[in-house]
Amino acid sequence: MKRITAKQEHCMGCGLCEVYCTTQHSKSKDIVKAYNREKPRPISRVRLEMNKPISFAIQCRHCEDAPCAQACLTGAMQKDKETGLVTHNKDKCMGCWTCVMVCPYGAIKIDKEGHVIAKCDQCTELETPSCVANCPNGALEIKEVKA
Amino acid sequence: MSKYVIIGACAAGIGAVEAIREVDPTGEITVISEEQCSHYSRPMISDFVSGKADLAKMKTRDDQFWQKNSVNLLCSKKAVSLNLEGHEVVLGDGSKVSYEKLLLATGGKPFVPKTEGQEKEGLYTFTNIADAERLADKISSGNAKNAVVIGAGLIGISVTEALLKRGVKVTMVELQDKILSLLLDAKASDIMEAVVRKAGVNIATGQSVQKIVGKPGNDGVVGGVVLTKGDQIPCDMVIAAIGVIPRTELVVGTTVKINRGIVVDNQMQTNVPDVYASGDVAETYDFVLNQNRTLPLWPLAVLEGKIAGYNMAGKKTDYAGGTNMSSLKYFGVPIVSIGMANPKPDPTLEIIVKEDKAKGVYKKLVLKDGVIVGMTFLGDIERAGILFYLMKNKVNVKEFKAALLADDFGLAALPMSLRKTMSLEE
Chain A
27 MKRITAKQEH
37 CMGCGLCEVY
47 CTTQHSKSKD
57 IVKAYNREKP
67 RPISRVRLEM
77 NKPISFAIQC
87 RHCEDAPCAQ
97 ACLTGAMQKD
107 KETGLVTHNK
117 DKCMGCWTCV
127 MVCPYGAIKI
137 DKEGHVIAKC
147 DQCTELETPS
157 CVANCPNGAL
167 EIKEVKA
Chain B
103 MSKYVIIGAC
113 AAGIGAVEAI
123 REVDPTGEIT
133 VISEEQCSHY
143 SRPMISDFVS
153 GKADLAKMKT
163 RDDQFWQKNS
173 VNLLCSKKAV
183 SLNLEGHEVV
193 LGDGSKVSYE
203 KLLLATGGKP
213 FVPKTEGQEK
223 EGLYTFTNIA
233 DAERLADKIS
243 SGNAKNAVVI
253 GAGLIGISVT
263 EALLKRGVKV
273 TMVELQDKIL
283 SLLLDAKASD
293 IMEAVVRKAG
303 VNIATGQSVQ
313 KIVGKPGNDG
323 VVGGVVLTKG
333 DQIPCDMVIA
343 AIGVIPRTEL
353 VVGTTVKINR
363 GIVVDNQMQT
373 NVPDVYASGD
383 VAETYDFVLN
393 QNRTLPLWPL
403 AVLEGKIAGY
413 NMAGKKTDYA
423 GGTNMSSLKY
433 FGVPIVSIGM
443 ANPKPDPTLE
453 IIVKEDKAKG
463 VYKKLVLKDG
473 VIVGMTFLGD
483 IERAGILFYL
493 MKNKVNVKEF
503 KAALLADDFG
513 LAALPMSLRK
523 TMSLEE
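Protein chains in written order, with this note's numbering: chain A, 27 to 173; chain B, 103 to 528.
Bear in mind the hints are in silico, worked out from the structure with no lab data behind them.
It is possible that part of the hints are untrue.
To be verified - In silico DSS-like cross-links for lysine-lysine, where the CA-CA straight-line distance does not exceed 25 Å:
#1 B:Lys170 / A:Lys116
#2 B:Lys247 / A:Lys138
#3 B:Lys180 / B:Lys359
Note that the structure is a prediction, hence the values are computed from the model and not measured.
Generate coordinates for the entire structure from the input sequences, incorporating the hints supplied.
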C-alpha cells in the first residue's frame with residue numbers, strides 16, 4: 027500500500043498542502059471559489075503541524091490496524107484489504123466522532139456543517155495526491171510501504 | 103457439527119467472524135441471532151427514530167457480509183440452553199447446533215427498574231431496532247406529544263435528542279445529581295445541561311420515577327409519572343434509558359463463571375474450555391482501572407469479538423484492554439471522555455483543566471505519576487485521539503504536559519523521541 031509521509035527538515039510551514047487539499051476536495055476545484063463561495067466550505071484533510079521551528083504535514087496514515095475502522099459505529103470507515111486504504115463513506119457516517127477519539131494522529135477532521143468527518147483519501151482520482159504534487163519544497167512524498 | 107458457533111450477530115459477533123476468517127478461511131461458522139435483521143448499528147437507533155437514518159444506512163457491513171464470509175446465519179432463532187459437555191447449543195425450536203468452539207456474544211438487555219405501573223402501555227426501552235421501531239411508530243401515530251426519559255446518560259441523551267427532533271417534548275429524570283455523570287465531571291456536566299435545557303428539555307436530577315400512572319379514563323395507558331419528590335409529570339410515554347445489564351441467562355446454572363458479566367481471561371476465554379465470551383455480556387479488561395469489568399460499548403465489543411475470533415481459530419492473541427470511553431455528538435456539542443475523567447478526590451492524582459467560555463471549550467486531563475488516566479475534551483475534540491494514544495500507551499507526559507491542553511496542541515508539540523516511536527516519517 028501507499029502512504030504519504032512528511033520530511034520535517036524540508037517543510038517550510040507554508041501551508042500550501044492545506045490549500046491544495048481544500049481545493050481538490052471542493053466542488054469547483056478552483057482555489058478562489060473553494061475558499062470564498064462554496065457552501066459548505068470544503069475541508070482540508072491534511073493538517074500542517076507547527077511548533078516553531080518544527081513543522082510538518084499530517085494526514086490519515088491508512089494504518090494497518092486502522093483503529094478508526096475498527097471503532098466505527100456504522101461501517102462508514104473501512105480498511106480496504108486490496109488497496110490498503112482506509113476509506114470513508116460519507117453517506118453512512120453519522121458523525122459520532124468515535125474515529126476522532128481513537129485516531130492516534132489526530133488526523134480526522136470534523137465537518138461541522140455536514141455533521142460527518144473528513145479525512146485523506148490519497149486523491150485516488152489523481153496520479154499524485156494534490157498535497158504531494160504541490161508541495162513547493164518536496165517535503166511530502168508518497169511511497170509504497172509494507173502493508 | 104459447526105467448527106465455530108457464535109451466539110449474537112451484533113458488534114462482537116461480527117468482529118469474531120472477521121477475525122476467524124483472517125485465520126481460518128474455510129472452517130464452518132454458524133451465527134445464531136434472535137433478531138430478524140442482523141448487523142445493523144445499534145448506536146444508530148437514535149438516528150432511526152429521528153428520521154435521519156433508515157435500515158439500509160444502519161447496516162454496518164455490506165449485504166453480502168455473511169455470504170462472503172461463508173457464514174451459516176440463523177436469524178430469528180433463539181438459543182435457549184447450552185449443553186457444555188456435549189458441545190451443543192439448543193435452540194427454541196428444539197433443534198441443536200453442535201460446536202467445537204463457542205462464542206457467547208449475547209450482549210446486554212436494557213435495565214428497567216421495578217416501578218409501580220410499569221405494565222402500562224407506553225413504556226419503552228431503547229436498545230435494539232425493534233425498540234426503535236416501536237418508538238418511531240408511537241411518535242408517528244400522533245399520540246405522543248410528551249415523553250419522560252429515565253436516565254440522563256449516553257442512551258438517555260441520545261433518545262432525548264431524537265424525540266426532540268420529532269417534536270416530542272421531553273423531561274429527563276436522572277437519579278444522580280448531574281447528567282452524564284458516568285462520563286463527565288460537574289463542570290462539563292453543567293455546560294452540557296445548560297445546552298440541553300436551552301434546547302427545550304426539562305431535566306429533573308437527583309430523582310427517580312416512583313410510579314407510572316395511567317391516563318384519566320384509560321388506566322392501562324401511560325399518562326404520567328410521579329417522581330420521588332412528589333412532582334407529577336404528565337406524559338404519553340416513558341422511555342427507560344438507564345443502561346444495559348449483561349444477558350447471562352443462557353449460562354446461568356451452567357459451569358460458566360459469572361460475576362456481573364461472564365468472566366473471561368485476556369483471550370476472551372471463559373473458565374469452560376472451548377467457550378468464549380465477548381461484548382456487553384462479558385467482563386473485560388479495563389487498562390485504566392487494571393481490572394476486568396463490564397464495558398458495554400460498541401467499539402470495544404467489536405475488538406473483544408476479534409480477540410475471541412483469533413483465539414478460537416488458534417491464533418493466540420491477547421486483548422490490550424479498553425476503558426470507559428465515549429464520544430458524544432448530541433445537541434451540537436462534541437465531547438470525548440475517556441477513563442477516569444471524573445475521579446473521586448485523590449491526592450495522588452494531578453488534574454489539569456482549561457476552559458474557554460467564549461469558544462465553548464472545556465478540556466481536562468487527569469494524570470497519575472505523569473501518565474494520563476482520564477480525559478475530557480468538550481467543544482474541541484479533533485486532537486483528542488493523540489491524547490488517547492498517550493493514555494493507552496502509558497506515556498509519561500510530565501515534561502510536556504503544559505502543551506497538551508493548548509489550543510494549538512498537535513503532534514509537533516510532542517518530543518521528538520515520541521514522534522519517532524509513532525513513526526511519522528515512515
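Outcome of the hint check:
no.	hint	in the structure
1	B:Lys170 / A:Lys116	24 Å, holds
2	B:Lys247 / A:Lys138	30 Å, violated
3	B:Lys180 / B:Lys359	22 Å, holds
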